[in-house]
Amino acid sequence: MEKVFQPLDPLLHAELRLAVMSLLIADEEAEFPYIKEQTGATAGNLSVQIDKLSSAGYIKVRKTFKGKRPCTLCRITANGQKAFAAYVEALKSYLEVGEK
Amino acid sequence: MEENMDLTAERSLEIITEQLEKSRRAVSKDTGEWLFVSGLTTMMTALVVASANLLSWTPLFHLLWFALPVVIWLVMKRINRNRVPVPENFVGTLVRKTWYTTLAFALVYVVIATVWNIVLQHYESPEVFLYAGMHITPTILTLLAVAVSMTGLILKKSALVWFGLLSFVILRFGLFSVMISRLLPPDVLGRLSLVRPCELIFLFALVGLMLPGWMLKASPQPSPKGKGEN
Chain A
95 MEKVFQPLDP LLHAELRLAV MSLLIADEEA EFPYIKEQTG ATAGNLSVQI DKLSSAGYIK
155 VRKTFKGKRP CTLCRITANG QKAFAAYVEA LKSYLEVGEK
Chain B
13 MEENMDLTAE RSLEIITEQL EKSRRAVSKD TGEWLFVSGL TTMMTALVVA SANLLSWTPL
73 FHLLWFALPV VIWLVMKRIN RNRVPVPENF VGTLVRKTWY TTLAFALVYV VIATVWNIVL
133 QHYESPEVFL YAGMHITPTI LTLLAVAVSM TGLILKKSAL VWFGLLSFVI LRFGLFSVMI
193 SRLLPPDVLG RLSLVRPCEL IFLFALVGLM LPGWMLKASP QPSPKGKGEN
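Heads up: the protein sequence lines correspond to chains A and B, in order.
Here the first sequence is numbered in our numbering, starting from 95 and rising by one per residue.
Here the second sequence is numbered in our numbering, starting from 13 and rising by one per residue.
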């Protein structure tokens with residue numbers, strides 16, 4: 095019987111977006127500079143990818159102030175958690191075949 | 013999916029693992045900073061209290077210990093002023109709750125034991141006090157040693173578990189006190205009774221807080237690989 099590969103969510107199947115989601119799945123709510131520091135991405139690129147994830151409803155972006163400085167906070171949504179779990183599940187099917 | 017064709021399943025798994033590990037390391041580093049600062053300020057407080065007690069010939073300066081949590085909090089606030097805060101996560105919450113529980117127990121014990129010992133000293137004979145008095149320092153330091161080891165288990169840092177255990181062993185068996193009492197003449201030992209238990213606290217802060225904190229702080233963070241455009 096031929097193995098059926100589950101489709102990988104194209105929105106998550108990209109290095110930086112996957113890194114952001116993996117980071118947010120562990121952390122409750124992270125500031126933009128923290129995500130930038132941990133992923134090693136440039137601010138511009140990260141902004142674009144965060145916008146994409148936010149538009150898909152995978153993360154929620156909250157803009158606030160920390161003293162006088164603006165502060166962007168990102169938090170994974172329930173939708174995002176589901177999508178991430180489905181992505182990991184789909185990934186397993188590829189890895190299982192790779193191991194055989 | 014044309015933009016993602018070069019990302020293999022293995023690489024995806026690697027990215028997920030890497031980010032989860034980084035998140036744990038960020039908490040480790042943050043915890044290390046707290047332990048290091050707590051250890052250093054505790055050692056300094058022990059020195060100040062010991063010196064002040066020796067110079068004034070009263071144990072009154074032990075009251076300075078109550079200022080220690082405030083000093084630690086102020087120093088940490090200053091250090092973290094311009095830093096990106098580590099977000100709350102499961103590992104961080106576990107570490108934080110371990111320390112909050114330990115400190116709550118320690119605080120309650122200090123209050124109860126202090127009141128109990130004062131009452132005993134006033135209303136009972138020295139023999140009864142010796143028998144029924146509550147030992148504050150060893151108990152508190154034992155609680156802290158357990159918290160250090162538990163933190164090590166949560167952060168998967170076996171060295172921290174051993175530091176906790178080592179500080180507990182040093183405390184419980186009084187090795188340091190025995191060494192001091194063997195090395196110093198009786199008249200100096202008499203004067204040093206005013207210093208007790210600063211020497212134990214100093215040693216605990218060094219072995220149980222500062223060294224493991226420094227170790228956590230110094231543990232290398234994997235350099236982030238630049239992520240692609242997508």
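Think of the hints as simulated: they come from the structure by calculation, not from any bench.
One thing to keep in mind: the hints can contain errors.
Here are the simulated lysine-lysine pairs, DSS-like style, with alpha carbons at most 27 Å apart [what the hints assert, rightly or not]: (1) B:89 with A:160; (2) A:176 with A:146; (3) B:109 with A:186; (4) A:130 with A:176; (5) B:168 with B:41; (6) A:186 with B:41; (7) B:41 with B:229; (8) A:130 with B:89; (9) B:169 with B:109; (10) A:162 with B:169; (11) B:168 with A:160; (12) B:229 with A:157; (13) A:130 with B:229; (14) A:160 with B:169; (15) A:157 with B:89; (16) B:168 with A:130; (17) A:130 with B:169; (18) B:41 with B:109.
Computed beta-carbon distance windows for the label pairs [to be verified]: (19) A:134 with B:130: 21 to 29 Å; (20) A:180 with B:88: 36 to 44 Å; (21) B:20 with A:172: 35 to 43 Å.
Here the structure is a predicted model, which means the values were calculated and not measured.
Even for Gly, the Cβ is constructed at its ideal location relative to N, Cα and C.
Quick rundown of the hints versus the structure:
no. : hint                         : result
1   : B:89 with A:160              : holds, 14 Å
2   : A:176 with A:146             : holds, 17 Å
3   : B:109 with A:186             : violated, 34 Å
4   : A:130 with A:176             : holds, 24 Å
5   : B:168 with B:41              : holds, 13 Å
6   : A:186 with B:41              : violated, 32 Å
7   : B:41 with B:229              : holds, 5 Å
8   : A:130 with B:89              : holds, 23 Å
9   : B:169 with B:109             : holds, 18 Å
10  : A:162 with B:169             : violated, 38 Å
11  : B:168 with A:160             : violated, 33 Å
12  : B:229 with A:157             : violated, 31 Å
13  : A:130 with B:229             : holds, 20 Å
14  : A:160 with B:169             : violated, 33 Å
15  : A:157 with B:89              : holds, 23 Å
16  : B:168 with A:130             : holds, 25 Å
17  : A:130 with B:169             : holds, 26 Å
18  : B:41 with B:109              : holds, 17 Å
19  : A:134 with B:130: 21 to 29 Å : violated, 58 Å
20  : A:180 with B:88: 36 to 44 Å  : holds, 40 Å
21  : B:20 with A:172: 35 to 43 Å  : violated, 29 Å
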